[in-house]
Amino acid sequence: MQPAMRRLRRIALRRLSSAPPEVPPDPMVDAVRAKLTLRAIDTDAEHEADAELDRMLGRERFLDPYPAGTLGRQMTDLINDVEDGKQPGSKLEELVASLKPEDKILFYSLRQQVLNVRRLENIDRNLIPENINWPDVMKQSIEEFKQIGLAMQDVEYAIDQEEQHTESLRPVARTETERAEYINPAIVLASPTINDHKQSDIGRFFQVDTTKFSGGLPAEVKLTKQRAPMLIRPTSYTLLDKVRRIGEADAYSLGDTVVVGGNSAGAGRSTNISYLVAWARQHPEEWLTLFVPDSERISQSGVRMVESRRHPGVYTQPDLQRDLFSELMTEQEALLKSIALKREYPSDSPVSQMTSLYELLEYACDPLKNEEGDSLFDVFEELRLVSEVKVLIAVDGFNELTHMNSAYWHPDTGKPLPARQLAIAKLLIDFFDKGPTNGVTVVAMSSKYHRDSTTDLRKVVRQVITCGDYTADEFTTVIEHWIKSGLVFQTPKNLTEFKNFLGAMSGRSPRELSRALMDI
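The numbering of the sequence shown is the working numbering, which starts it at 1 and goes up by one.
Hint data in this document are derived by calculation from the structure and do not stem from the laboratory. Backbone N, C-alpha and C define an ideal beta-carbon position, used for all residues, glycine too. It is possible that part of the hints are untrue.
Label pairs and their computed distance ranges (CB to CB) [unchecked claim]:
#1 THR466 with HIS403: 41 to 51 angstroms
#2 PRO192 with GLU93: 50 to 60 angstroms
#3 GLN207 with GLY414: 43 to 53 angstroms
#4 ALA334 with ASP241: 36 to 46 angstroms
#5 THR471 with PRO350: 48 to 58 angstroms
#6 THR471 with ARG309: 47 to 57 angstroms
#7 ASN405 with THR471: 33 to 43 angstroms
Start from the sequences, fold in the hints, and give me the full structure.
Take a look at the structure:
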């Protein structure tokens, strides 16, 4: 069974079980709802329900036909015989009349599937008896299925156009290398220079280098490597517009900290923060950007940990810190060399002889000179005091640092060590509380978590930008992009699967849609 089809069943039937009925009551629907109530009770029952749905709605006909003598095999054979003209359409009516309510859903599913496959195999449509006099109960069932989304009308139209012009519109069986070279110019409309983006570009795609982007980015963004497409969403543009106006007289309301939130998993927080980082890195002369794309790596990687001499009870991660600083030095070497150190250091400290932030980072990355990693505290304090340019501290998955235990165990108590006791996490939380002197801290986190400010040194004005599921227009735009860019529809069978889950995916989160697309 294909993963995309399993996901389709779970999503579609979950919607069926929760949505208020808009058709007369149907015993078949009641039977399905009764089975699905188990899903809310315990995980084992959910797995059993999945297995049952695989049997009820199984698509194994394409991989392993139903065994002889089973109801599924009987249905499939009869459907094919009627469509081939070997049996009259009345046989289907007789079969439906004899079925139990819970078996009718299987019959309709199989019939719809056979129709799709035969259509794509160029079977003469005149052989398909569409004028069967379905009993009222089946008409109700069909309407219910339409509600949960065998296809959206506008997307169905786009797919029909795709089928009619297969050779001209769809490059078949692209290799990954070929895909990486291909982006349809009719779809990628916005400028690759993010600073050029205007409100009128919302809903358009653009090309961007995602090499250094967040580990939480959707799979389809990573698919095309260096020339990945990214959709400009309203939340992305709002965040960009607010941050690039920092310093203007009327822009103080932005505050020191922006939270990119949203309760829904996969709603686009990582994409939004990556969009902002991409913009800042297109302006290296104006913005110094420290980007933590994967907070989980800090809290859960299990790399070497050393208790700080300066701050007992706080633990540095020297190897991980060097990786973070090395990336910063590679990305913005020229800018770092132009930024002077602001603090005064003891005369016996090696840092006292340094003049630039780049030199301090070099020292922090030297495993012989800074074995225990305590220079991390100097680096972050200097970042806070930078005045030559604006500073962007961007952190994805901020909850991992504030509300989670780490993968480490306290050496004395033997209990899990809270992530906030790791030095990098502690310093990033300090930036969240205080903000840089000249710039902004932007963190992506779930809206159901909030951190109270722990300092009175500065008033932190937090602004929350909430990410949500795709709107209907965004959903259609993404589907059209995938169709026209040749990233899906490589075989007729895949096209059938794609059409079957479109409606079920409508309105879902960006991550859920991208993962389903990647399964095809």
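Hints, verified against the model:
no.	hint	result
1	THR466 with HIS403: 41 to 51 angstroms	19 angstroms, violated
2	PRO192 with GLU93: 50 to 60 angstroms	59 angstroms, holds
3	GLN207 with GLY414: 43 to 53 angstroms	51 angstroms, holds
4	ALA334 with ASP241: 36 to 46 angstroms	27 angstroms, violated
5	THR471 with PRO350: 48 to 58 angstroms	55 angstroms, holds
6	THR471 with ARG309: 47 to 57 angstroms	53 angstroms, holds
7	ASN405 with THR471: 33 to 43 angstroms	37 angstroms, holds
Hint compliance for this structure: hints 1, 4 are broken, all remaining hints hold.
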